[in-house]
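> Residue numbers (the working numbering), protein chains in the order written: chain D, 1 to 381; chain H, 1001 to 1604.
Worth double-checking, as some hints may not be accurate.
[Stated by the list, open to error] Here are the simulated DSBU-like pairs of lysine-lysine, each with C-alpha atoms no more than 30 Å apart in a straight line:
(1) H:Lys1209 / D:Lys370
(2) D:Lys341 / D:Lys144
(3) H:Lys1208 / D:Lys356
(4) H:Lys1209 / D:Lys327
(5) D:Lys370 / H:Lys1132
(6) H:Lys1529 / H:Lys1322
(7) D:Lys63 / D:Lys136
(8) H:Lys1208 / D:Lys370
(9) H:Lys1209 / D:Lys358
(10) D:Lys356 / H:Lys1209
(11) D:Lys323 / H:Lys1232
(12) D:Lys320 / H:Lys1208
(13) D:Lys327 / D:Lys63
(14) H:Lys1111 / D:Lys370
(15) D:Lys286 / D:Lys370
(16) D:Lys358 / H:Lys1010
(17) D:Lys370 / D:Lys356
(18) H:Lys1320 / H:Lys1232
(19) H:Lys1010 / H:Lys1400
(20) H:Lys1111 / H:Lys1232
(21) H:Lys1400 / H:Lys1320
(22) H:Lys1232 / H:Lys1252
These aren't lab readings, by the way, just hints derived from the structure by calculation. Since the structure is predicted, the reported quantities are computational estimates derived from the model, not experimental observations.
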Amino acid sequence: MDWTPAFARVIGEKSSHSRNEQNSSVSLKHMSKEENISWFADIGLSDRPSVGGKGGSLGELTKAGIDVPPGFVVRTEAFERFIRKLDKEEPLRAPVEALDPDDLEKVGAVTKAIRERIENEPMPAEVENDIKAAYKELCGDDAKSPVAVRSSATTEDAEDASFAGLQDTYLWVLGADETLNMVRSCWASLYSVESVCYRRRQNFPEDGVAMGVVVQKMVDARTAGVMFTRSPTTGDKSVITIEGAWGLGSAVVSGEVTPDRWVVAKLTGEITTRDISNKHIRQSPKEGGGIEDVELPEAERTAPCLSDDELIQLKDIGRKTEKHYGKPQDIEWAVENGSGKILLLQSRPETVWSAKDKAPVAEAQDNPMKHVMNIFGGKRS
Amino acid sequence: MSDKPAGFPKPSSVKVAEGTEAAQAAYPYYMQFEPEDDDRFWFYNSMHFPEPMHHFDMVTAEAAYCALGSSNTRVHSLPTTLGIDYRVINGRVYIGGNAVTDPAEIERRTKEFEQRAFYYYEHWERLYDQWKDKMKTLIKDAQELPSLELPEFEPLENVHAGKGVASNHYLLETYQKTLEGYFRMWHHHFEFLLLGYGAYMVFFDFCKKAFPEITDQTIARMVAGFEAEIFKPDDEVKRLARKAVELGLEGKFGDNVSADDVIASLEQMGAPGKEWLDELEESRNPWFNVNVGDGFYHYHRSWNDDLSLPFSAIPGYAAKIKAGENLDRPMEQLQAERQELIEGYRDLLSTDEERAAYDQMIGLACRVFPYVEGHKFYCEHWYTNLFFNKIREFGDLLVKNDIIDEQEDVFHLTRYEVEQGIVDVMTSWSNGSPTRGGKRFRAMVEERKKAIEVWAGMDSAPALGPVPDIIDDPAIVMLWGITRENLDIWMKGPADADSNEIRGFAASSGVVEGTARVIKSVKEIDRLKEGDILVCQVTNPTWAPVFQKIAAAVSDIGGSMSHAAIVAREYGLPAVVGTGQATSRIEDGQRVRVDGARGVVTLL
């Protein structure tokens, strides 16, 4: 196969690896008892140590009755089994732990070798079989049924923005073999130069490093994008900001297309802002796998990519998700081609504004009348 | 007009239009610009006075500013502001605030304010009930002013009763009482107004801080009442339309049938026609005492003076009723929606502390809002209507006594000149000589008619004089929505004339494209066709029946809590208000897009 998997680097995705040793030791302890695979319906946020943040979130959404593309998680136990096997054959973790993050040449050489091993050495048979079986259950024998393969870091702690991770998402992956390859690529990304240097600087123990991998049906998106249940520009919790563009959401999250942007009031459903941009391309699935940029005709570029009805549906889904989690969320969504069904691809807590919540806007007064002094007292700010 | 980016033209640089000098000089001296006015900031009050002022109509400015100022300066002692100064040039009213800036003085005034305004807030309901009684008494007094009779001989019974005062005296007395009532009415108008707006603004500001992207209209929806007087006239028209359908009379109404003809044909048809006309009488008193404008000008006639406006709405309502549509405003649903909004926003606040403050503020805002919404009907509509109609009687008197030619000419005279004319008539009646003013007054009327025409065709600077660094005068911010930000936009004025967008306050959401109908005066209202976009200087809720026809509304003047905005929301029409320039930039018949949520009008 000569195609290079197109991947979208998910801008803003945070992954700090294994800062929390407790998490990883828990997963190690129970490793032997645990399965290699979990379906979304069976997991939730509390399973993060074994399924990663993204997998846990998709499980949580499924539990909350919110539509997500069906799929499963290759649990950290599978990763552990593979790494343990490799480690036995030739030490892997110890050499990484011994690296000096300032010796880039050496880091480069060591990590390259490790990535090649992860990508090429045979997996433990049970791991490979479990993934293939789950794949078959998800896609049947249809080699034309595409999946997305997405890394799901265990300590993808969204509140920790110190390390903008470079984890990968592979879209439009076809067939069980290619899926296995992409799972390997996700695992290998933990041994990128950047990730390893970061861990070495932070002095994180290598045996706490693990990763889940999400495999889910690919949505053939007519329109996709992101939504924030708290305004990214003002922090307003009463509005939902929706950004979207034609085709797959990767174009929006990567910033390749300036998306249309709307602001919808949560309570009234009023659409208070409509910025329709010139969306010059659409990202679409490519014949034979992967995705490509398709130039759009003029009329389509400036046409809004969502109807008012869809905006309201998105708003409702956003509110439901936010209520389920009990705090504002950043959400990735897609509108399925044909069916028009709205699916969530990801939801994670909003981090920017919640970190800077400030003094109350006003305080109660012993006499409610005193509030009018804000207007009449010449103290108006 | 203003090419100087640093500020607006000085008042002294504004020239009185050629040929109108005498008309300008005829306004009383205390409203003329003087050289020392150059050092102050003035803005054109086009919100209340969008058209050039007839000389008599300046009484509205006099009475209103006298009352507003008293309330601010002396009655409630607003800490940071005194009253409003006003001037008139080329028929346009410019006003300037009078801020208090000395901290010691603010503190002194604050102590007074707390004893005065707080008392009003505390006893709001009782005082407002009392206010309505006072207004009703005032209205009754105005209704009962005697008609203007000058019999040839004094009635014998007056002589035998030893009355001792002859009929001509009562002309002067009635005129003075008419004016007195008008000035008094304006005091009542401002009795609660600033306090009401202030309490509303407190809540408004809080919402804007807590929810920076909340729309003004959503805040207004949280406090607005549903049974406010301003909705009543339109409700009555709907009721009459329903009655017409019930009685099978709706065919009598149509675009080309005058109100008089409708009434005549209903009178002819016997029982059903009479039944409907009885219902009409019921509605007229008091609900048709509603003006087709703000009531500030004598020509803002009421529905009672001209039934064509309410009648023109009947075919549309009747068609909807026959199509099975329910025209009733769904009160329970509106109440429930409002409650849901109030609770929904409350839930979104971050802390219980904020929620406690929110509860206090919205409590106060809801408490004061019935007055903010309701006073207009009693003051600007019912009373001003009675007032100007009484002045028309004096117009008739002057016509009958050979002083002017037409009843309406009386409005070209100042209130002092009218009194001169009355004394002329009194004198003539008493000494048996003809009146002496005819030649003089007719010439003045002629001169001023021309002046109004000239002034109406002139552009006026939105503001004059140096721009203040900040506009912190609560009265000006609240009543006129004038902020430093607005002024910067005004100053740029012609700079963005190339842009095809006009911005204003987002008053009612929705997006609509259509044909703009630029209505510069209420007389043109019948040019509006189904689906047109109304473009006018100032929108007014009493144009309500027009709202069932139009697709959107755009105005030069008005804030998002203006009654116009409320009615637009009620009708679910997009509205952009306070654009400053819609009527001058949009051509009649032009296609435009109105985005009421963003407050943008796009010229297509």
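> Each hint should be assessed against the structure and marked as holding or not.
Evaluation of the provided hints:
no.: 1; hint: H:Lys1209 / D:Lys370; result: holds (18 Å)
no.: 2; hint: D:Lys341 / D:Lys144; result: holds (21 Å)
no.: 3; hint: H:Lys1208 / D:Lys356; result: holds (18 Å)
no.: 4; hint: H:Lys1209 / D:Lys327; result: holds (20 Å)
no.: 5; hint: D:Lys370 / H:Lys1132; result: holds (27 Å)
no.: 6; hint: H:Lys1529 / H:Lys1322; result: holds (21 Å)
no.: 7; hint: D:Lys63 / D:Lys136; result: holds (23 Å)
no.: 8; hint: H:Lys1208 / D:Lys370; result: holds (19 Å)
no.: 9; hint: H:Lys1209 / D:Lys358; result: holds (12 Å)
no.: 10; hint: D:Lys356 / H:Lys1209; result: holds (15 Å)
no.: 11; hint: D:Lys323 / H:Lys1232; result: violated (41 Å)
no.: 12; hint: D:Lys320 / H:Lys1208; result: holds (25 Å)
no.: 13; hint: D:Lys327 / D:Lys63; result: holds (17 Å)
no.: 14; hint: H:Lys1111 / D:Lys370; result: holds (12 Å)
no.: 15; hint: D:Lys286 / D:Lys370; result: violated (65 Å)
no.: 16; hint: D:Lys358 / H:Lys1010; result: violated (45 Å)
no.: 17; hint: D:Lys370 / D:Lys356; result: holds (28 Å)
no.: 18; hint: H:Lys1320 / H:Lys1232; result: holds (19 Å)
no.: 19; hint: H:Lys1010 / H:Lys1400; result: violated (45 Å)
no.: 20; hint: H:Lys1111 / H:Lys1232; result: violated (40 Å)
no.: 21; hint: H:Lys1400 / H:Lys1320; result: violated (48 Å)
no.: 22; hint: H:Lys1232 / H:Lys1252; result: holds (24 Å)
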